[in-house]
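As given, the protein sequences belong to chains A and B, one line each in that order.
Residue 1 is where the first sequence starts when you use our numbering, and the numbers rise one by one after that.
Residue 1 is where the second sequence starts when you use our numbering, and the numbers rise one by one after that.
Treat the hints as calculated values from the structure; they're not laboratory data.
Check the hints yourself; a few may be wrong.
Derived pair list, reagent style DSBU-like, types lysine-lysine, alpha-carbon separation capped at 30 Å [claimed, not checked]:
id: 1; chain 1: A; residue 1: 339; chain 2: B; residue 2: 205
id: 2; chain 1: B; residue 1: 398; chain 2: A; residue 2: 352
id: 3; chain 1: A; residue 1: 350; chain 2: B; residue 2: 389
id: 4; chain 1: A; residue 1: 339; chain 2: B; residue 2: 146
id: 5; chain 1: B; residue 1: 157; chain 2: A; residue 2: 339
id: 6; chain 1: A; residue 1: 339; chain 2: B; residue 2: 96
Below, a sample of chain B positions facing chain A; criterion: calculated Cβ distance under 8 Å [claimed, not checked]:
id: 7; residue: 66
id: 8; residue: 185
id: 9; residue: 243
id: 10; residue: 250
id: 11; residue: 254
id: 12; residue: 256
id: 13; residue: 259
id: 14; residue: 311
id: 15; residue: 360
id: 16; residue: 362
id: 17; residue: 397
id: 18; residue: 399
Given the structure is predicted, the values throughout are model-derived calculations rather than measurements.
Virtual Cβ for every residue (Gly too), placed ideally from N, Cα, C.
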Amino acid sequence: MTGSSKDNNDRYSGNGGWFDRHFQWRRFLHDEVTSKSTIKHRSHWDYLRYSGTVALALVIIQAITGLLLLLYYTPDAEMAFGSLTMIRNDIPFGMLFSNIHSINSNLLILTLFVHMFWIMIISAHRGPREPQWYGGVILLLLMLLTGFSGYLLPWSQQSFWACVIGTESVKTIPLLGDSIASLLRGGDSVNGVTLHRFFAFHVTFLPACISIMLWIHLKRVWKTGVIAPPDARTRIDTDCCTGCRKCERVCSFDAVKMTAIDNDEGRIARIDMDVCNACRACIEVCPNQCISLETDYDDHLTEPIFPDNIINRLKAVSATIGLMFFSSFFLHWILMRSKVPADPMITPDKIKPEWYFLASYQVLKELPSERLGLLAILAVVLLVFFLPVIDRSGPRRLKRRPLYLFLVGSGIAAFIYLSIKGLF
Amino acid sequence: MRAARIIALIALVLSIPFIASAQNFFIEQDMCVLCHLLGENLGAPNPVIGWNRSVHFRPDSTCTDCHGGNKYFYSQIERGHIGLPDPAGVIAQCAKCHSREAASFSNRPPGEAGKFNCTVTCISCHDHHRVEKAGLEIINQARCGKCHAFDLVEPHKNALADLQERILSIQQRIGGIEDAHLPVESLEMELAVAWSGFADLFHEKRSGEFRETATLQAESLKDLEDRVKEASPRKWNLSGLMVVGFFVTVTLFLIGYQSVAGSIESGKEDTGMAQDNKIKTHQPSGGTSTSEAAKRGRRRRSPWGIRLALLFATIALVLAIQGRFASTHRAVKSVNKTVTRTVVPDLKKANERAMLNSLYELKRISVSLDEIRETSTNEEIKSRIDQLKMDIDELAVKILVHE
């Protein structure tokens with residue numbers, strides 16, 4: 001702290017007060033945010049690239065409303081339904097927070113599905129982004145489990161019997177099915193102990209796992225950056241390249257090849273455009289910044305993170321939160337809340353799971369046996385999880401991958417079709 | 001004569017299904033009906049026909065409930081058939097099912113009929129066989145004027161009519177709140193307590209007590225009206241519009257900010273003052289110049305944000321208009337000023353009366369606890385009372401939900 005020349009290093013050397021001295025937040029902001037750029041959207045569909053940010057915002061809202069509800073909810077079979085009725089009737093803004101929590105959960109899972117399908121479409125599961133994909137699939141499964149556990153907490157007829165069916169289907173798992181079902185239910189049937197367990201899962205165990213996976217996922221995303229559009233390619237400035245081979249070593253797609261220069265005085269890197277996935281790993285490692293992205297369009301491909309990219313993300317988040325509030329205030333009747341508390345002696349006529357389980361529920365009904373249905377569901381989950389292993393290289397542009405587009409499109413269409421069929 | 005009786009009996013047997021109005025529980029009824037339907041010694045109006053048109057005409061209510069006896073040994077005194085009940089025992093007889101009403105009517109424990117200075121009993125107003133749901137119309141000159149001047153009764157009737165009108169208005173507004181899919185469980189519980197109290201007020205004969213109770217009920221109705229007003233859908237809709245409007249505004253602001261900022265940034269790039277950009281973009285050879293590219297970028301700035309914002313604004317406007325129309329419509333639909341025949345809501349289930357009684361008792365206990373809490377200085381007692389009141393509320397909700 002000698003007060004010498006004011007170069008960039010001194011600007012961020014902790015002179016900004018107590019917080020800056022201890023946490024160096026100004027240097028962090030400069031190094032990680034304000035001095036960096038990222039890919040920007042070009043077309044309307046590129047707004048889907050912000051689905052991850054939107055999902056993160058919805059998770060935060062879900063946590064806040066969940067904490068508020070936790071202050072008044074009683075996880076007891078005799079009192080759960082009454083406590084929720086009391087929250088909706090007597091607690092100021094209780095009805096609003098209850099609606100937000102319910103609607104936001106559905107919106108969050110919808111956003112996660114959109115995020116996953118978008119990543120599949122633009123093939124962002126490949127290359128250095130494989131850990132993000134694995135973590136993302138695990139996150140989606142954790143969110144689905146959180147939704148399933150939360151569905152029981154109102155302890156209404158609808159939620160009670162949905163839990164009965166859900167935990168009953170677990171029994172078809174060979175060898176361990178009965179034990180897992182017993183562990184989930186806390187006994188042979190769904191009862192007050194089941195409510196306690198699901199409450200514990202919903203409030204402590206699952207949020208903890210989600211937090212850890214989310215941290216890992218975001219850290220990896222921040223490290224590798226956002227993927228470029230499928231039609232983007234990488235170009236090496238041959239005049240600048242020194243042949244250090246760092247790009248060749250880091251490329252996951254073997255798109256970088258060292259080729260001899262004409263007079264055989266060394267080698268320079270060249271990119272195989274058919275194989276390059278524009279993952280930008282080589283751009284990050286090149287010491288001379290000889291590598292750049294190119295597209296077939298003449299638009300600017302990048303934008304500064306601050307303020308342009310942040311504003312774009314805030315737009316998407318703001319619009320989504322507006323939609324969420326609109327649904328919470330004016331469309332909350334779509335929740336179709338049951339006004340009857342759980343009664344194990346009375347079986348309702350129609351029991352439907354939440355919409356995100358309708359497809360799997362329908363699969364169980366369509367196939368001859370439940371065991372076969374569970375195997376089919378497991379196969380789909382494993383197929384999705386190991387997608388980076390199955391689809392690891394090749395062009396990303398959809399026009400050049402009709403089969404992949406057909407398979408992904410069919411999968412999405414089948415999911416939608418089975419969900420609609422399960423609803424009726 | 002004997003032939004006529006036989007023919008009458010055969011005709012009666014054949015007409016049973018029609019008399020029973022497609023309800024075949026007559027088969028389960030005692031044989032009293034067969035004789036007393038065409039009996040000559042029971043006078044007019046015929047009690048069986050009267051009972052057929054009453055609220056007591058149901059499978060769980062039979063002649064033997066009041067007249068004793070056994071459906072197989074119907075006329076044998078030794079089997080308990082008492083015939084016409086003792087007038088002094090009417091209240092005790094009705095109290096077997098309607099204990100609350102009997103207690104509030106006699107202001108003494110049920111069964112002690114005749115110990116008050118008035119010969120009015122249940123059947124004085126409700127009739128003995130053709131028992132219908134009582135309404136304010138039973139308070140009239142013909143009925144009440146038999147014993148005393150109707151001038152004494154008229155203020156009571158007016159007070160009851162006023163209370164009924166207010167309760168009906170509250171009921172209607174709660175219906176509107178329920179139609180808007182907003183929670184009404186607490187309000188319905190309060191409403192049920194109000195109806196129960198109103199029904200009890202009907203049976204209060206002592207003028208002083210009547211006035212006091214009517215005043216208390218009017219005050220509690222005022223609280224309920226305020227609560228219903230607070231819970232109105234209009235407030236909810238307005239709050240929703242404000243919140244959604246805020247986020248629409250924020251989105252529009254960000255779009256507008258970016259449009260302006262984008263223009264400034266393009267200007268900077270034109271003059272070579274672009275930001276330090278770690279990821280360089282390559283313009284393909286033969287492509288357009290930077291400024292033209294920037295202009296094309298501005299032109300191609302997505303209109304989706306504005307379209308979405310316009311959509312939200314349109315929906316908000318439509319909802320605002322709809323909310324205004326709905327509230328106007330409700331204001332035009334005024335509360336029915338005429339006195340209706342219905343004292344209590346259309347209570348179809350047999351145990352709803354018991355539910356209302358229970359709720360009313362819980363309300364009285366809650367009020368008593370409030371009084372004790374106000375006078376107590378012991379914090380532990382206050383805390384215990386608060387806990388008891390929470391338990392009472394939960395029990396009341398359970399009763400209401402389980403119906």
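Query - Satisfaction of hint between residue 389(B) and residue 350(A), Cα-Cα up to 30 Å - result: violated, 37 Å
Query - Hint check: 8 Å Cβ-Cβ cutoff, residue 259(B) to chain A - result: violated, 11 Å
Query raised in the report: Close enough to count: is the Cβ of residue 362(B) nearer than 8 Å to one in chain A?
Result: violated, 14 Å
Query raised in the report: Regarding the pair residue 339(A) and residue 96(B), is the alpha-carbon distance no greater than 30 Å?
Result: violated, 33 Å
Requested in this report: Take a quick look at whether residue 339(A) and residue 205(B) sit within 30 Å of each other, Cα to Cα.
Outcome: Violated, because 40 Å separates the two Cα atoms, which is more than 30 Å.
Query - Hint status (Cβ of residue 256(B) to nearest Cβ of chain A, threshold 8 Å) - result: violated, 11 Å
Query raised in the report: Any CB of chain A closer than 8 Å to the CB of residue 397(B)?
Result: Residue 397(B) check passes; min Cβ-Cβ to chain A is 5 Å, inside 8 Å.
**Report entry** Hint status (Cβ of residue 360(B) to nearest Cβ of chain A, threshold 8 Å)
**Finding:** violated, 20 Å
Query - Distance restraint between residue 157(B) and residue 339(A), which requires alpha-carbon spacing of 30 Å or less - result: It is violated: about 38 Å lies between the C-alpha atoms, which goes past 30 Å.
Query raised in the report: Is residue 339(A) close enough to residue 146(B), meaning Cα to Cα at most 30 Å?
Result: Outside the cut-off at roughly 50 Å; violated.
Query raised in the report: Does residue 66(B) meet its interface restraint, that is, does its C-beta lie within less than 8 Å of any C-beta in chain A?
Result: Violated - the Cβ of residue 66(B) stays beyond 8 Å from chain A, reaching only about 35 Å at its closest.
Requested in this report: Identify whether the interface hint at residue 311(B) stands, where standing means a beta carbon of chain A within less than 8 Å of its own.
Outcome: violated, 10 Å
In terms of the numbered hints stated before, the structure departs from hints 1, 3, 4, 5, 6, 7, 12, 13, 14, 15, 16, 18, listed from lowest to highest.
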